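Chains as they are written, first to last, in our numbering: chain A, 1 to 349; chain B, 1 to 349; chain C, 1 to 349; chain D, 1 to 349; chain E, 1 to 349.
It cannot be assumed that every hint is accurate.
Which copy is meant is left open, because identical chains are indistinguishable; a pair holds if it fits in one copy or across any two.
With a straight-line cut-off of 30 Å between C-alpha atoms, the simulated BS3-like cross-links for lysine-lysine are [said to hold, decoys possible]:
no.	residue 1	residue 2
1	161	67
2	52	153
3	153	242
4	242	161
5	242	73
6	156	73
7	207	290
8	345	207
9	67	156
10	52	40
11	153	67
12	156	40
13	96	52
14	156	54
These aren't lab readings, by the way, just hints derived from the structure by calculation.
Only a predicted model underlies this, so the values are computations on that prediction, with no experimental measurement involved.
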Amino acid sequence: MSKLNKRKYKQLSIKTEAPQRQEPVRITVIDYNETSFEQKEVNSVEECFAFKDKPTITWINVDGIHKTEILEKLANCFELHPLILEDISDTDQRPKVEDLDTYVYIVLKMMSYGYEESEIQLEQISIIFGNNFVISFQQTIGDVFDRIRERLKNGKGRIRKMGADYLAYALVDAIVDNYFDILDQFGERIEFLEEETISGPDTAILKEIYHLKREMIFLRQSIWPLRDLLRGLERSESHLIKDVTRIYFRDIQDHVIHIIDSMDIFREMLTGLVEIYLSSLSNRLNEVMKVLTVIATIFMPLTFITGIFGMNFIHIPGLAEHWGFPAALAIMLAVGIYMLFYFRKRSWL
Amino acid sequence: MSKLNKRKYKQLSIKTEAPQRQEPVRITVIDYNETSFEQKEVNSVEECFAFKDKPTITWINVDGIHKTEILEKLANCFELHPLILEDISDTDQRPKVEDLDTYVYIVLKMMSYGYEESEIQLEQISIIFGNNFVISFQQTIGDVFDRIRERLKNGKGRIRKMGADYLAYALVDAIVDNYFDILDQFGERIEFLEEETISGPDTAILKEIYHLKREMIFLRQSIWPLRDLLRGLERSESHLIKDVTRIYFRDIQDHVIHIIDSMDIFREMLTGLVEIYLSSLSNRLNEVMKVLTVIATIFMPLTFITGIFGMNFIHIPGLAEHWGFPAALAIMLAVGIYMLFYFRKRSWL
Amino acid sequence: MSKLNKRKYKQLSIKTEAPQRQEPVRITVIDYNETSFEQKEVNSVEECFAFKDKPTITWINVDGIHKTEILEKLANCFELHPLILEDISDTDQRPKVEDLDTYVYIVLKMMSYGYEESEIQLEQISIIFGNNFVISFQQTIGDVFDRIRERLKNGKGRIRKMGADYLAYALVDAIVDNYFDILDQFGERIEFLEEETISGPDTAILKEIYHLKREMIFLRQSIWPLRDLLRGLERSESHLIKDVTRIYFRDIQDHVIHIIDSMDIFREMLTGLVEIYLSSLSNRLNEVMKVLTVIATIFMPLTFITGIFGMNFIHIPGLAEHWGFPAALAIMLAVGIYMLFYFRKRSWL
Amino acid sequence: MSKLNKRKYKQLSIKTEAPQRQEPVRITVIDYNETSFEQKEVNSVEECFAFKDKPTITWINVDGIHKTEILEKLANCFELHPLILEDISDTDQRPKVEDLDTYVYIVLKMMSYGYEESEIQLEQISIIFGNNFVISFQQTIGDVFDRIRERLKNGKGRIRKMGADYLAYALVDAIVDNYFDILDQFGERIEFLEEETISGPDTAILKEIYHLKREMIFLRQSIWPLRDLLRGLERSESHLIKDVTRIYFRDIQDHVIHIIDSMDIFREMLTGLVEIYLSSLSNRLNEVMKVLTVIATIFMPLTFITGIFGMNFIHIPGLAEHWGFPAALAIMLAVGIYMLFYFRKRSWL
Amino acid sequence: MSKLNKRKYKQLSIKTEAPQRQEPVRITVIDYNETSFEQKEVNSVEECFAFKDKPTITWINVDGIHKTEILEKLANCFELHPLILEDISDTDQRPKVEDLDTYVYIVLKMMSYGYEESEIQLEQISIIFGNNFVISFQQTIGDVFDRIRERLKNGKGRIRKMGADYLAYALVDAIVDNYFDILDQFGERIEFLEEETISGPDTAILKEIYHLKREMIFLRQSIWPLRDLLRGLERSESHLIKDVTRIYFRDIQDHVIHIIDSMDIFREMLTGLVEIYLSSLSNRLNEVMKVLTVIATIFMPLTFITGIFGMNFIHIPGLAEHWGFPAALAIMLAVGIYMLFYFRKRSWL
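Take the sequences, apply the hints, and build the full model.
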């Protein structure tokens, strides 16, 4: 938890802020228009600057946001506002869109299940697009955009014919599509929990439900703002978003609403599961108590009868007779059978 | 659940997307105006194109959306946007309306109870209407629109006199009317559950309540968006919807609000049932515990008394007397009767 | 429940729709202006038509909506839209107002407790008012408007001086006033339940609470839409509602908000009652268990002591002594008293 | 409860409406401007009329609203709408503001704890202010406005320098200030309940919580509408409210929002208390059951052992030996000690 | 609680209002522009007035609001409205912003954990900024603004280059940043509670949960209004807030929304913890009851068997035989073992 909130005092100069991690930062540049396509991995950020004034569309993808000097050079070149720079390197941003005059800044969260652990991994992705450039920042080296690179390379479909805004749309779409995988996993885990809960309550189930609820909260926190974000993009008055692209942003909006709907379903299902779990506990207690009561109700009177004939009075009728012991046993049997019938009538057995 | 969310990465070309199922696609064309009526089942989609430029109103009904080439030919002929085409073949759409310039696209869900299983069947229905044409897409061959075909054939009522927008209204109305049957079924099942719950709690009841709640969530998810959808149609600025038709869309809106109201009622009733169920469990536990307590409270003191006279002390007064045993029995009887009175006073018996 | 939802497929011609019940339809006409007043019961609906073009205000009250031909004749004469006609005869309408050009259509629900049964009776009332006429439809012959007839006859107050819109207001006001009686009944029943719940939990109470909640849901469903309906009327741009009448519609609005507020109070009170009920159950279980525990805790050690001296060892000290038995009894008494003190200290007794 | 809803059919003439109670109606008139101040108690309402046309500001305070003829005379003199008159004498009004052309009508609720009873007393207060007059109506003779009279008399502060709208503000402010006392009482009672609940659950506590919740509902019902009311006054376009006064109405708005916030806090605290209460009940049940189980688990095996040696078999080893009885006791002691260790290990003791 | 609501009747003159505490009031003045910087602690408030007409930006920080005469002198000098003055000294203000013509008034809450106690400390901070001055009021001497003083002194970053509105932003930002520390603490305490609850329910945990919920409510109450406050500042039409500063206020808005999101997460986690806690209680009860039932079910039949052979009938078969006692023991052993198997099959052991 504390990881989520651990946020140092913001400082207005980023220089000293960013953690100095040692992994290298990978910068990839793709430059294309309808007819040409060029892709290269650059070693220094300055190599990107040449692309800035070309009329072709340039996509700079930065994997790693911990090298402040790289971010600052890019910011200087593309004239980014210092606060934007700060937001890119602060990985605790809420998904949002900032519509500045010469570029649009989008920040959102990508979700994935880690390979070795079952915890959901959150990664912050920042996308900046202007007239003829798109810059994307990922926290770590990832493959979520590979499919788009493929499409750009092949030159099939409409992606090469359209502008930077369409590329930005494609990036956001790839991230949102990712959520559906998470949803699928949720769906399967809830289905599994359902079967488990009905077959018998177990504390482990409740912990798993609780765990799922917690993950769901995080997921919702990441997705809810997307709705407004995308509505903002669709209705933006920015000249950077062409009318022909707006319908595509509306399309992702529909996907996001679909995800939110599914999460509401999951949520109500989890609430229902808790109810079933608790009532199963009550049911089980009832069962236990019935067993106890049946046993006690049968054997207490019987033991009482043995007690009567176990008293040391001399003059107890029947003690000395041959029929005494069988008669006593018969009485006890009758009492026992009567009790069993009684419980069967109340359908406790 | 996973069925619902299993949604592959969207691709911008549909060609490889749609599942290649082998059932045939049935295409029916009805062409009519106030005086003429023509209905035929076509074998190839191209036969429809001739109707496009006729001034009469043409209704093309496509049963089956898995043949991509048919969809694409229709799209080309009627100039549909690629995203619309994608939405038609993606059966996970949320109900919505898209108001494009030359046509209006409506997607909604039809619900029905399957014959052999008690699960609700969801089917996606897409309706596109333009100036003088309506195209409807169903996932499977169905009979929900038969009644409208009948009305068109008979030529009674106002349906033949009005335009394509009215036909679209009639199709939506037929689907919404269908929901009332589902609601009726819900109502009957809840009534049945009510009687069951009150007569005695059973785990099966809770599972059935949970099952109903789940179905209700799906139903709500399908119906809620309809409200906005229909308001959108009623207030649309599209020239394709004539003023005289708007009041009809408002009428369906009223039906949808009625359905939503009923579902809210059902929901609160189910919540109430869970409460009754849980308190019945508690009540039953109370009953069981009372039985146990009554039995224990009566027989423990009695057994203690037998124990006293069962001790092997030589000098216990009364052991040797004739009145000893009857006196002991009398004491026990008195204790037992006192206990019974005590419990009756506390109204446990 | 099913009564509420049983709604056949709507047909655009009403002729075959309405149930052909055999009770007669009573039509009453009141025609008045500031100086004149005429009231008569007509046998055929055609007698009403003469009043249509008179400058005086005409109020036609129709008790019974099952004779389709009567509704249709009225509709023809007053040029009502076919959908309005449909709404009048479909008794499952949600309260709403339709502002057509030459008349305003209001549909709402009247509530009353049946005399012989404790169920709430819902009756749909439709009111249509135009420039100089008001038509009201009731499902059965009722007396809710008698007071207004009285006022019209007496000619006191402002009712005769004002227009058809004011008469419509008076009708709506009479219906809303009726709700207060229902509220009073609710209040009394909840007060009664409160006393019952606190004096001791009983399954019958829970069922009654559940019953009340259900009725409350129906009531709310009828009243909530009234709020918007009346706001709609107050702010309507219709020329049929004069400015001087608007303040009266705002006044009923206040009453409706007052009713909604009271229902919210009732609702929270019922929720609180369920909580008290459930915790009373828990409390009672606690009480039962305490009795059991006290009894068991006192008699188990005692019985154990008797068991010790009941063992058949020959060399048990004290068995043969005179003081043996009294000593054993004394030990047991001491143990018993100690236990009682212990429980009193824990305040279980 | 029924008191709250008991509302007779509204009649448009008030003459016969108001209950004819016998307490006298006290009318006080204060007439002032920046330099002059005059206060007198009048015997007949007609004495007030002279003040109407004076340029000074006149405040008429009427304690008692049951004398209809007084209200009507005032209404005639100050040209009040009949519906306003009705609202003043109907003590079931929801707080609201009516902005008529020549005066503004405010109705709100004053709350106070009765001296002899712990129930909250609700009193309806109506305030009407025009250009140079304020009329206030209280149900009974009260002292809530004494402080304002004092300030007017002393002539200190800005109250004498400002207009009738400021005086109206001062009256509303006095009433809202009163709510803080009620809130304080709530706070203290909740704090007390908190301590009680934690120290041990008791049915009386639950009833008190329920009682507090009910009072809270009433309080909320009275205060919520105040928010809109005051916003309405602040933003009113009425020429009767001067710009310099608006900031004061916004100030009371802040107080009302503060009260609503506090009530939300109280509400959540009460909900939390119910949770603690219920879990305390469960805890206590657990405690009781543990005692029972410990006792049973210790003494049942022991009693069984005594039973073994109490059987009348002749050849039971050890019965005749001197070490027999001590050995049996030793076994029992060992079993008992083992059990105690077992329970301590499970930390039940 | 009562501390929170204890608010005396507001009086329109503040003179007698403020509590006359004896701690000194510390007033610090910082005067700066891009090139100059001057800081001094003043002894009398009049020393500040000289700065008012200088073109440089003046920041007056007042630690302590209990000396009414100091507040009044400042108010006179900077022409503050009397209600503003009142709000500054009333420490029960809800966070809000008042946009007056020549200055903007912001009031918000600072939170901190007290050193010696674990209770959250609330401190009210008022900030007033005009064209070239900022006045801030703290309740006690604090160090929250030290970092800003540092930045001003160093003259690095943009703070010295920008106006009074930017300084006000920096102050608000410092306060909001403080909330993140509180959030961190919450996160850690909830994580700790989670582990505790899962390892075993304890009444102390529930009290701690309840305690945390209460603190959360207070926190929320302080932060929620901040959202609107900051939106108000960002979109304010005041000429005092320059366009270049608005983006900074939007930035704090994002932080506040982030805090609100985190609190929603915490809240749902606490609710989930209560659920786990309650179901753990039920589980534990189940465990206890199972132990009891197992013990009773094993020993009751065994004791009954000993009772049979303990009866004093003369003719009980086997009593006199050598195999009698071992046979009885064998029977008992068999019964006991059967029971153990039975319980293992039901997986109670």
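Verification of the hints:
| no. | hint | verdict |
| --- | --- | --- |
| 1 | 161 - 67 | between (34 Å within a copy, 28 Å between copies) |
| 2 | 52 - 153 | within (20 Å within a copy, 39 Å between copies) |
| 3 | 153 - 242 | within (23 Å within a copy, 46 Å between copies) |
| 4 | 242 - 161 | within (13 Å within a copy, 37 Å between copies) |
| 5 | 242 - 73 | both (29 Å within a copy, 28 Å between copies) |
| 6 | 156 - 73 | between (34 Å within a copy, 20 Å between copies) |
| 7 | 207 - 290 | both (28 Å within a copy, 22 Å between copies) |
| 8 | 345 - 207 | between (39 Å within a copy, 25 Å between copies) |
| 9 | 67 - 156 | between (35 Å within a copy, 22 Å between copies) |
| 10 | 52 - 40 | within (15 Å within a copy, 50 Å between copies) |
| 11 | 153 - 67 | both (29 Å within a copy, 29 Å between copies) |
| 12 | 156 - 40 | within (20 Å within a copy, 38 Å between copies) |
| 13 | 96 - 52 | within (25 Å within a copy, 40 Å between copies) |
| 14 | 156 - 54 | within (23 Å within a copy, 36 Å between copies) |
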